Every structure is written in structure tokens, then in C-alpha cells.
Amino acid sequence: MGWISDLVRGGAPRPTAPSAPPTERKRVDLRKAINAVSDVVQNRPRPLRVFDQIHMKTGDMVLQSEMIADWADGKRLAFIGDGDAISVCVAYLQTRDVLNFGPSQITVFDFDERTVEAVKNFADRERIPNLDAILYNVLDPMVPEQHYDCFYTNPPWGASNNGESVNVFIERGMEATGHAGEGVVVIADDDELEWPKRVLASVQGFAAGQGFYVSRMQRKLHEYHLDDAPELKSCNLYLAALPGNVPSAPSAAITDGKRLDNFYGLSQRPTVRYVRARKRLDYGVAHEDEYELEFLEGGHE
Amino acid sequence: MNDIVKPGAGLLFMKIGTHAKESLEDIIARKTAEIRNTGYGMWGYGGNTCHPGSMVQPFARVFADRGQTISLCMEAMESNHFGEGIADEFSADGIDWQKIPETIEVRGSRYALVIDDLHEEKFALPLDQTRVPVGPSTGRLGSRYIRGRVDKACLEVLEAPELVNEVKPRTINIGLVAKLRDPYAVFLRGQR
Numbered sequence: 014m015g016w017i018s019d020l021v022r023g024g025a026p027r028p029t030a031p032s033a034p035p036t037e038r039k040r041v042d043l044r045k046a047i048n049a050v051s052d053v054v055q056n057r058p059r060p061l062r063v064f065d066q067i068h069m070k071t072g073d074m075v076l077q078s079e080m081i082a083d084w085a086d087g088k089r090l091a092f093i094g095d096g097d098a099i100s101v102c103v104a105y106l107q108t109r110d111v112l113n114f115g116p117s118q119i120t121v122f123d124f125d126e127r128t129v130e131a132v133k134n135f136a137d138r139e140r141i142p143n144l145d146a147i148l149y150n151v152l153d154p155m156v157p158e159q160h161y162d163c164f165y166t167n168p169p170w171g172a173s174n175n176g177e178s179v180n181v182f183i184e185r186g187m188e189a190t191g192h193a194g195e196g197v198v199v200i201a202d203d204d205e206l207e208w209p210k211r212v213l214a215s216v217q218g219f220a221a222g223q224g225f226y227v228s229r230m231q232r233k234l235h236e237y238h239l240d241d242a243p244e245l246k247s248c249n250l251y252l253a254a255l256p257g258n259v260p261s262a263p264s265a266a267i268t269d270g271k272r273l274d275n276f277y278g279l280s281q282r283p284t285v286r287y288v289r290a291r292k293r294l295d296y297g298v299a300h301e302d303e304y305e306l307e308f309l310e311g312g313h314e
Numbered sequence: 171m172n173d174i175v176k177p178g179a180g181l182l183f184m185k186i187g188t189h190a191k192e193s194l195e196d197i198i199a200r201k202t203a204e205i206r207n208t209g210y211g212m213w214g215y216g217g218n219t220c221h222p223g224s225m226v227q228p229f230a231r232v233f234a235d236r237g238q239t240i241s242l243c244m245e246a247m248e249s250n251h252f253g254e255g256i257a258d259e260f261s262a263d264g265i266d267w268q269k270i271p272e273t274i275e276v277r278g279s280r281y282a283l284v285i286d287d288l289h290e291e292k293f294a295l296p297l298d299q300t301r302v303p304v305g306p307s308t309g310r311l312g313s314r315y316i317r318g319r320v321d322k323a324c325l326e327v328l329e330a331p332e333l334v335n336e337v338k339p340r341t342i343n344i345g346l347v348a349k350l351r352d353p354y355a356v357f358l359r360g361q362r
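Protein chains in written order, with our numbering: chain F, 14 to 314; chain R, 171 to 362.
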């Protein structure tokens, strides 16, 4: 766990890092970190609830980005979906020298072209060469040009399908690493509700079946802009491949109806391959259909 | 206990705002006329707690498959909000859109419930005897769910209320009721 999160959570013991940090971690300027994440939030497309896109709250994004930068320091990191834009935060915090550690390469795989373009535009504007995004639907085979060291996913949480939608995203993450890397899965974590416990059990069972084990779990870390469950939090579930683990089969399209039922919620099967972005000239500013101008006398001549 | 609040029943609870521009009586009169003239009415609402596609429709279909109808149970409250603009089109899936009939006016809302049989009916809804059956709060007791900014919910009535010592039983006084009808909830767009 990194410096900011140590500070907030009272300095929990630091686990053994997967790789030795190249330099000593410098203290994080919290103001700079929050302002950098604010830049990213400003650039982020609005969430589409119908696809279970629900944004993490900004304070938690700051903490999460630092934790993920620390965990994936010096590694090639694949994001399997990333409406939150944690990928951009992680890359940007390093570029702005708020963090002196972070992944060597970040690639976002997302089916929402608005997200893909937002990542690419931000990377171009801020000159972040190690940040990229690819339009990709998680039901299609995952065949990366080069394997990644680790993956990150905050998928649909599988409240209505016992976590199967989570398992689909994890499967793609594992494939992105050639079944030999590590992963962080962000999923619901709640003591009162039954379904998050069942999903956690399902996901851990699925991971074990794929030759991965749970190496760590950080409970109830994140809150969301989720009107219908404002108290629901999520955890970071860390997975790691067993030594010598190999994939049981090549990556294939997911077509099994049982895995797709209730994918985005009760009776919500996937029907859309890509969310396409409408090209617009007013990108990043208030849309003209939101307002009209009422001029002062003589204000418009 | 009445015909609406009985174990296994599904209902959609909603707080409804009354305000200086249009009283509850005016709203009821307007919506009753809509139903009479069109065969159904549309009750506009906003927020994300009862999203048409991911919450209301799947919830209602589960009960429709059991041969049950969903009751819309409303509690009147003072509100300063007054939505401007009258929606032009509606869609059950957000893809195929059609004109809202001229006989229906939905003001200042992103979504609408499709209703009929709107009438005044007073009864107490025991929130401790309900739970959320759909969405990320599935399983949460109605009394713990409906608080703060959460002012509407899909609920299922339980066999018995949850009995706990820490909090008093919580009931809500319902004053207005309607039936949901297929497609239960729709998306709105445009301005007439």
C-alpha cells in the first residue's frame, strides 16, 4: 500500500512488493494529486448506467490510483474496461511527477469508444506516451500483441448472476497476462447484503480454477456515485498466478447463454458490441443543447 | 395489511412533490384525464434509483411472469422542484422512439412510469416488511434503503417485518396509488 493510503488508513503494514521499487517513494503532495485527478475527471465521459458504468468518487480515485501505481510499478498493465479512468490517473500522476513510480505501459481495453477516445485524447494532450486504449468487447477473444504483466478490472458486479460477469472480465485479464501474471479486481464488498459475499466466493473459486490464488484483499475501500446504493463499497481483490500456470485453452468468444444471462443486471443480456462516440466540436465543454443565452441590452450587436 | 401490502407482492414506492404551481389534486386530475383519453398515463420521474431498463422493467417482468401486477404507491411531500419542459418522445429500450400522444404531458422528467387505475387510497406501508429485489441493493431492507436522497424504490413485501430493538418500526403513509402496465417504465427525450 502506498504513502497516501498509509496516511489515510493509519499506516497498515506494507506487504512485500512484487518487484523492488527503482527509487525511494517520495512523499505525495496531496493537493497536486487531487488536482491531477480532477483533470482526469473533467475529461471522463458520463457513465451509461444501462451498461453498469458507475463512477468511483474522486477522493477514492486518488487513493486507488496511488495504490495501483505502487502495485504495478515498472510493469505492463492492462485495464479490462475502465470507465472510472483509473488508468489515466495512474499514468498522469506519474507524468506530472506527483508519483515517482508507476507502470511502464498502460493499455485500456474498453467497448465504449467515448472512453477509448477520452484516454487517447488525454494521453496526446498531456504527452503521456505509455498510455493507450483499444476498442474491445470483453465477449470477443483476448489476443494481445504482447502479454502484460498484470491486469486491473472494475467490472459489472454480477449482483444478478452470482458474479459471472465479473468472471468474464477476469478471464480476459488473465488471458492478457498469458495466465502468468497478477490482477486487481474491484468488486462489491458489503457486510449486510448477501449477494456481494456470494460474488466474492464465486470469483475466488473461478480464480482458483484458472490457476490463480488470492494474494491480498483490501476491504471496503471505494464509494461510488450510485444513487440506489450510496453505501455500497468495493474492495480490491488481488490475484496472482500460481508458478508455472498455463492457460487451459486459447482465448475464445464467449457465447454461452448461461454466462450472458443477467450480465448487466437482472434480465440484462449484452446486446451491444461497441458504444460508438458521436463526433462533436464542443468536446470537453458545455454542450450547446444544455443552455441558451439571454443577452444584456446591447450585448449582442 | 391490504390487497397491495401482502406477502410476495411487488410495489414501486415513490415520494411525489406537490408545489405552488400544481397541487396534488391538479396532478391527479390531469393524469386521470390522460388515462381516460389515452388508455394509459405517464408519470414522470428522475434520478437513477429506478432506471427504466435496469431496474423497473426487469423487476416488473418478474412479477408479471407470476401473474401479478405492480402497484405504484405514492407519498405526497412538499417540493420546490418544478420540472420545466414537456417531453416529446418516449422509448421502452432507449433505441426505438415514438411520439408521446398529444393527450399526455410529461413535464421535466427523464423517465416515466406507464400507469393506469390512478386513485387516492390511504394506507400504511411498513418499510420493515419490504426488501429491495433488484439492482445493487438487492436484499436490503426497505427501511434501510429509503432514506436520505433515496426517495423511490422497487420493493417486494416480505412475510413478516424484521424485528430489531435498535430502531423503531418505520411506516410510510401512502395516499395515492396506480397500477403499472407494460412496458412499465420508459425513457423520455426532446421537448414538445
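By construction, these hints were calculated from the structure, which means they are not laboratory data.
Errors might be hidden in some of the hints.
[Unchecked claim] Coverage of chain F stretches by chain R, computed from C-beta distances (three or more under 8 Å per stretch; other residues unrestricted):
1. 146-152
2. 170-179
3. 195-209
4. 240-253
If you're wondering where the values come from, they're calculated on a predicted model, not measured in any experiment.
Even for Gly, the Cβ is constructed at its ideal location relative to N, Cα and C.
Annotated coverage of the stretch 146-152 of chain F by chain R, confirmed only when three residues or more have a Cβ within 8 Å: violated (count 0)
Residues of the stretch 195-209 of chain F with Cβ under 8 Å from chain R, three needed, outcome: That given contact holds, which follows from 5 residues of the stretch 195-209 of chain F lying within Cβ reach (below 8 Å) of chain R.
Given as covered by chain R, does the stretch 240-253 of chain F meet the bar of three residues or more with CB within less than 8 Å? Result for this restraint: holds, n = 5.
Quick check: do three or more residues in the stretch 170-179 of chain F have a beta carbon closer than 8 Å to a beta carbon of chain R? holds (count 3)
When each numbered hint is compared with the structure, a violation occurs for hint 1 only.
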